[in-house]
Amino acid sequence: MLPAEDLFVCVYVLIDDAIARGAVAIPPRPGPAPACSDAELLTIAQVRHLPGRRSEAGFLAEVARDWAHLFPVLPHQSEASRRIRWLHGASGQFRAHLAAGVPADDCQQIDTSALPVRHTSRVRGPDGWTGPGGLHARFGRDVAHAEWFYGFRLAIKTDLGSRIVRAWSIVPAAVNEREAGTALLEGCPPTWLLADKGFSGRAYAAEHAARGTTVIVPPTKDQRKTMPTALQKIIAEWRNRVETSFKEITDQMELARHGAHTFWGLLTRTAATIAAHTLSRACLARIDQLT
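Sequential numbering from 1 applies to the sequence shown in this note's numbering.
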């Protein structure tokens, strides 16, 4: 990773250029222009998630202490938090802009991961964790960690090779994974779709075959008896790539410990984290193209 000062400058230039080109649209608002620009705040939000800094207030204090020459007029933490939430759509546009610069793979992956918002022992009836369209925090099963959780799920679609996130959404904790996956696949369907066992089934495979997509899922116990070992290893290695993406987003970038207090805070942190992950993957993909 670049030194912190170079990273701030690089990300700011990318964001400011995307705004100037219209790839990132900042909605107009009344009143005078703020002393700290939207591009500066988006830069701080993106850079914060690259090394996985959990505390927004702590990172703003670090920026004010160590990089005041780059950001001479920082807003108070409460104002910065409010404006960053208001800019969550801009984070999504920036992610889409970065992803568009890298050709999509013919093979893509879909999966979901737990996004807890409260410890299960502290849930006492209805709460304020409510999103648009009747989306509410609920109990769900985290198979990866063999435990129950209370919150939502993060559903993502990524390229197999570059591992760039092409689409994502926050869905109910007990969602039918096939429904969540179908929503992510709207638009141009991939040639190959790699998914976990929750997406297996003849009807699901036939539905996507009609759209020109071949669904690949890990073999069942009976299928492993006749499937070549080499093919089983290839499927397992491919599945590990999406697990690696989730580990980077939820663990290394600390999204699993997001610290949000409302759904909109969670949405803002998720959008910024995935944009930061896309930034890192897009840069690596361009380096690969040059070598």
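It is possible that some hints are incorrect.
Pairs of lysine-lysine, DSSO-like flavour, derived with a Cα cap of 27 Å [what the hints assert, rightly or not]:
| # | residue 1 | residue 2 |
| --- | --- | --- |
| 1 | K225 | K197 |
| 2 | K197 | K221 |
| 3 | K247 | K233 |
| 4 | K233 | K221 |
| 5 | K225 | K247 |
| 6 | K247 | K197 |
Computed spacing ranges between beta-carbons, pair by pair [to be verified]:
| # | residue 1 | residue 2 | range |
| --- | --- | --- | --- |
| 7 | P126 | D17 | 41 to 47 Å |
| 8 | R141 | K221 | 17 to 23 Å |
| 9 | P3 | E147 | 36 to 42 Å |
| 10 | S55 | K247 | 17 to 23 Å |
| 11 | T214 | A61 | 36 to 42 Å |
| 12 | D127 | R286 | 39 to 45 Å |
| 13 | T229 | E147 | 39 to 45 Å |
| 14 | E147 | T244 | 41 to 47 Å |
| 15 | V13 | N176 | 39 to 45 Å |
| 16 | Q223 | P126 | 42 to 48 Å |
Simulated from the structure, these hints should not be mistaken for laboratory data.
Glycine is no exception: its CB is placed at the ideal position from the N, C-alpha and C atoms.
Status of each hint after checking the structure:
1. K225 x K197: Holds - the C-alpha atoms of K197 and K225 are around 17 Å apart, at most 27 Å.
2. K197 x K221: Since the Cα atoms of K197 and K221 sit roughly 11 Å apart, the hinted pair holds (cutoff 27 Å).
3. K247 x K233: OK: K247 and K233 at ~21 Å, within 27 Å.
4. K233 x K221: Roughly 14 Å between the alpha carbons, so the hint for K233 and K221 holds.
5. K225 x K247: Given that 27 Å is the threshold and the Cα spacing comes to 31 Å, the pair is violated.
6. K247 x K197: holds (19 Å)
7. P126 x D17: 41 to 47 Å: holds (45 Å)
8. R141 x K221: 17 to 23 Å: holds (21 Å)
9. P3 x E147: 36 to 42 Å: Given about 39 Å between the Cβ atoms, the range holds.
10. S55 x K247: 17 to 23 Å: The hinted range 17 to 23 Å holds for S55 and K247, with Cβ atoms some 21 Å apart.
11. T214 x A61: 36 to 42 Å: violated (51 Å)
12. D127 x R286: 39 to 45 Å: The hinted range 39 to 45 Å holds for D127 and R286, with Cβ atoms some 43 Å apart.
13. T229 x E147: 39 to 45 Å: With a Cβ separation near 32 Å, T229 and E147 fall outside 39 to 45 Å, so the hint is violated.
14. E147 x T244: 41 to 47 Å: The hinted range 41 to 47 Å is violated for E147 and T244, with Cβ atoms some 21 Å apart.
15. V13 x N176: 39 to 45 Å: Given range 39 to 45 Å: holds, Cβ gap about 42 Å.
16. Q223 x P126: 42 to 48 Å: This hint holds: roughly 44 Å between Cβ atoms.
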